[in-house]
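J.: First to last, the sequence lines map onto chains A and B. The first sequence: position 118 = 117 (numbering that gives the first Met the number 0), numbered continuously. The second sequence: position 294 = 293 (numbering that gives the first Met the number 0), numbered continuously.
Take the hints with a grain of salt, since some may be wrong.
[Said to hold, decoys possible] Subject to a maximum C-alpha distance of 30 Å in a straight line, what follows is the list of computed BS3-like cross-link-like pairs (lysine-lysine):
(1) A/K81 / B/K46
(2) B/K146 / A/K148
(3) B/K163 / B/K146
(4) A/K175 / A/K77
(5) A/K81 / B/K199
(6) B/K115 / A/K148
(7) B/K146 / A/K88
[Claimed, not checked] Calculated Cβ distances over 10 Å to all of chain B for the following chain A residues:
(8) E54
(9) D131
(10) P179
[As the list claims (entries may be wrong)] Chain B is faced by these chain A residues, among others (derived, beta-carbon under 7 Å):
(11) G50
(12) A125
(13) S127
(14) W140
The set of hints was computed from the structure by calculation and includes no laboratory data. For every residue, glycine included, the Cβ atom is placed at its ideal position computed from N, Cα and C.
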Amino acid sequence: MRLVSFLMIGAMSCSGAFSLHAQEAVTRVFLNFVNGVGAEDIEADKTFVNGWGEEFTVSRFRYYVSNIVLSDTINRTKIEFKDLYFLIKENDSLANVAELPVARGITCHTISFVPGVDSSRNMSGAQSGALDPLNGMFWTWRSGYIMAKFEGRSPASALQHRMFEYHIGGYEGAHKVTDPVKLVLPQALAVTGRDVYITIRADANNWFKGTHDLPISDYPACTAAGPLARQFADNYRQMFSIQSVSYK
Amino acid sequence: MNTRRVIPVMGVILAFVAVPFSFKPDHVSPLQQRIPEGFPPPVYDYKNNPLTKEGFELGKRLFYDGRLSSDGQTACASCHQQFAAFSDFEHVFSHGVDNRFTLRNAPPLFNLAWHKEFHADGAINHIEWQPLSPLTGDNEMGTTIEKAINMLQDDPFYAVMFKKAFGDTAVTSQRMLHALAQFTGYIVSADSKYDRVLKKQDRFTEWEENGYRIFQQRCASCHTEPLFTDLKYHNIGLALDTFLNDFGRMTITGESRDSLAFKTPTLRNITRTEPYMHDGRFWGLSTAIDHWRTYSVSDSSAHELIRNGTPLEKIEIKYLISFLHTLVDSTLLSDPMLADPIPGNRIHQPVLGH
Chain A
0 MRLVSFLMIG AMSCSGAFSL HAQEAVTRVF LNFVNGVGAE DIEADKTFVN GWGEEFTVSR
60 FRYYVSNIVL SDTINRTKIE FKDLYFLIKE NDSLANVAEL PVARGITCHT ISFVPGVDSS
120 RNMSGAQSGA LDPLNGMFWT WRSGYIMAKF EGRSPASALQ HRMFEYHIGG YEGAHKVTDP
180 VKLVLPQALA VTGRDVYITI RADANNWFKG THDLPISDYP ACTAAGPLAR QFADNYRQMF
240 SIQSVSYK
Chain B
0 MNTRRVIPVM GVILAFVAVP FSFKPDHVSP LQQRIPEGFP PPVYDYKNNP LTKEGFELGK
60 RLFYDGRLSS DGQTACASCH QQFAAFSDFE HVFSHGVDNR FTLRNAPPLF NLAWHKEFHA
120 DGAINHIEWQ PLSPLTGDNE MGTTIEKAIN MLQDDPFYAV MFKKAFGDTA VTSQRMLHAL
180 AQFTGYIVSA DSKYDRVLKK QDRFTEWEEN GYRIFQQRCA SCHTEPLFTD LKYHNIGLAL
240 DTFLNDFGRM TITGESRDSL AFKTPTLRNI TRTEPYMHDG RFWGLSTAID HWRTYSVSDS
300 SAHELIRNGT PLEKIEIKYL ISFLHTLVDS TLLSDPMLAD PIPGNRIHQP VLGH
């Protein structure tokens with residue numbers, strides 16, 4: 000069963016083709032993204048409350064994770080995973096795992112990643128896998144990936160259906176929302192023969208309150224790149240924290 | 000999980016890593032990109048999308064297939080006809096599905112491999128992404144990527160074409176877009192009288208010669224040879240149409256300095272692509288050029304040539320128009336390689352003659 004689910008993760012997360020010879024001295028680091036609101040996990044039909052006291056439900060909570068880097072801050076070395084793109088969806092336990100092949104023997108202290116898709120892939124034409132525009136995370140009227148998408152309903156919204164809808168993107172110039180997130184591991188991670196599972200929690204409440212005050216009542220929608228999208232990105236970049244690290 | 004399982008699983012997962020598609024079927028016939036003499040290196044060079052006869056033929060069929068649209072008869076070719084240099088013949092705005100109109104005048108399609116951005120406001124950043132805009136636009140083909148893919152998947156004819164082009168019958172958005180770029184990027188215009196004159200195979204008449212001189216002095220800084228566009232965005236002092244409220248480049252950049260700036264259109268095949276300007280507001284070349292002659296500027300953000308230019312004399316306009324006629328490329332307009340490959344195709348489109 001586990002074998003099957005790993006195959007599916009691979010297929011859903013990324014694609015393309017190159018061959019890699021089996022490397023024996025490789026182990027795997029899994030980044031498992033869990034999406035929540037405060038201490039609760041995101042679930043359909045569940046009502047949450049944000050930092051402004053506004054109630055809301057969540058129908059879509061999706062974001063890309065790319066350009067993952069594991070760094071050894073003492074020896075100043077790092078491992079970059081440049082061609083891996085993951086689309087994290089609500090609490091889809093199959094899709095929300097980023098699998099990283101890592102050589103045994105390395106140590107790392109920090110994890111960084113772009114919560115989105117780098118400029119380069121925004122500008123290099125038709126993509127596949129997680130970056131397939133079929134995934135609904137690409138603007139067709141104006142090229143560019145939706146880096147993060149958050150939709151739901153709230154009585155605080157004055158829009159039709161009391162909906163709120165945030166599609167955040169922007170890959171160049173003043174609109175760029177692809178600054179990386181850096182997380183410090185609670186203790187140095189030594190990659191040995193055992194698989195490593197790192198659970199990263201994303202708290203949706205950070206979207207509304209953080210560097211910028213963005214209550215639903217004032218900002219029920221943001222669907223294009225621009226200054227407001229940058230503010231939302233500034234906020235959601237802070238939503239990630241490391242919840243646990245375990246070895247299996 | 001035990002370690003014996005790890006190696007094969009790794010192999011499978013890594014095989015899906017998102018690197019550019021690099022599959023090269025060995026049975027395809029490579030096609031040479033057309034790069035005319037004197038043209039700069041193209042922006043799009045097919046490095047990640049090897050140009051083949053099979054891919055080109057698939058792209059061409061997709062371009063002419065109305066079944067990709069929600070009403071089954073609106074193809075790319077509905078608004079981009081070969082005889083009109085792949086613009087929409089004599090249409091101010093084009094007709095999409097459900098009797099809807101486009102916001103802008105359909106541009107001609109040729110020499111696209113030299114464009115970094117597409118649309119009059121530069122909204123689209125890559126030739127491969129371009130088709131998604133008309134495909135999904137409510138006022139154009141009105142469909143979804145998913146529906147288009149499903150239609151292609153259900154058609155055994157396409158299964159054969161995808162297999163020929165890409166090695167197997169899988170229909171993906173990337174393959175569809177790669178094939179379309181193989182066709183659209185292959186449409187090249189560089190065989191007009193002007194081109195033949197440059198190659199010393201033909202001679203301008205006296206009026207054409209005079210017109211070319213005026214063109215070089217007065218027009219060429221934006222309509223730069225050999226593409227006859229600098230591919231940049233300029234505000235040429237066209238007043239805002241308050242029904243359309245189209246602010247051009249500013250819509251994309253959010254910068255007020257880009258207000259009412261639109262991409263310089265190419266002048267190649269210009270006599271086949273009227274009406275003129277991004278919204279097709281001018282019929283006839285003399286009317287379009289008159290904008291430059293009579294315009295008095297109050298808009299300080301308009302291009303300096305507009306604000307500080309000397310008006311053209313009437314006779315200069317006549318010379319200029321004579322020259323512009325030399326930019327028609329009859330080879331492009333009738334190249335059978337670019338023609339509709341679908342026998343008895345009944346897509347919505349204007350018909351010339353008969």
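J.: Could you run down the list of hints and mark each one as holding or not?
T.: Hint check results:
Among the hinted pairs, A/K81 with B/K46 is consistent with the structure: their alpha-carbon atoms are about 20 Å apart, no more than 30 Å. Proposed proximity of B/K146 and A/K148 is supported: the alpha carbons are some 22 Å apart, at most 30 Å. Annotation: proposed proximity of B/K163 to B/K146 holds, straight-line Cα distance about 22 Å (limit 30 Å). Our distance criterion of 30 Å between C-alpha atoms is met by A/K175 and A/K77, whose separation comes to about 25 Å.
Between A/K81 and B/K199, the direct Cα distance comes to roughly 51 Å. Violation of the 30 Å bound is thereby established for this hinted pair. Of the supplied pair hints, the one linking B/K115 and A/K148 holds, its CA atoms being roughly 28 Å apart against a limit of 30 Å. Between B/K146 and A/K88 the CA atoms are separated by roughly 22 Å; this keeps the pair inside 30 Å, and the hint holds. The beta carbon of A/E54 is kept farther than 10 Å from every beta carbon of chain B, the shortest such distance being approximately 32 Å.
A beta-carbon of chain B comes within 10 Å of the beta-carbon of A/D131; the shortest separation is about 6 Å. For A/P179, the non-interface assignment is confirmed: its Cβ lies about 18 Å from the closest Cβ of chain B, beyond the 10 Å cut-off. Here the hint on A/G50 is broken, as its CB sits about 28 Å from the closest CB of chain B, past 7 Å. For A/A125, the interface hint holds, the least distance from its beta-carbon to any beta-carbon of chain B being 4 Å, beneath 7 Å.
Taken as an interface hint, A/S127 checks out: its beta carbon lies about 4 Å from the nearest beta carbon of chain B, inside 7 Å. For A/W140, the shortest C-beta to C-beta distance to chain B is roughly 6 Å, which falls under 7 Å, so the interface hint holds.
Against the hints set out earlier in the document, violations occur for numbers 5, 9 and 11.
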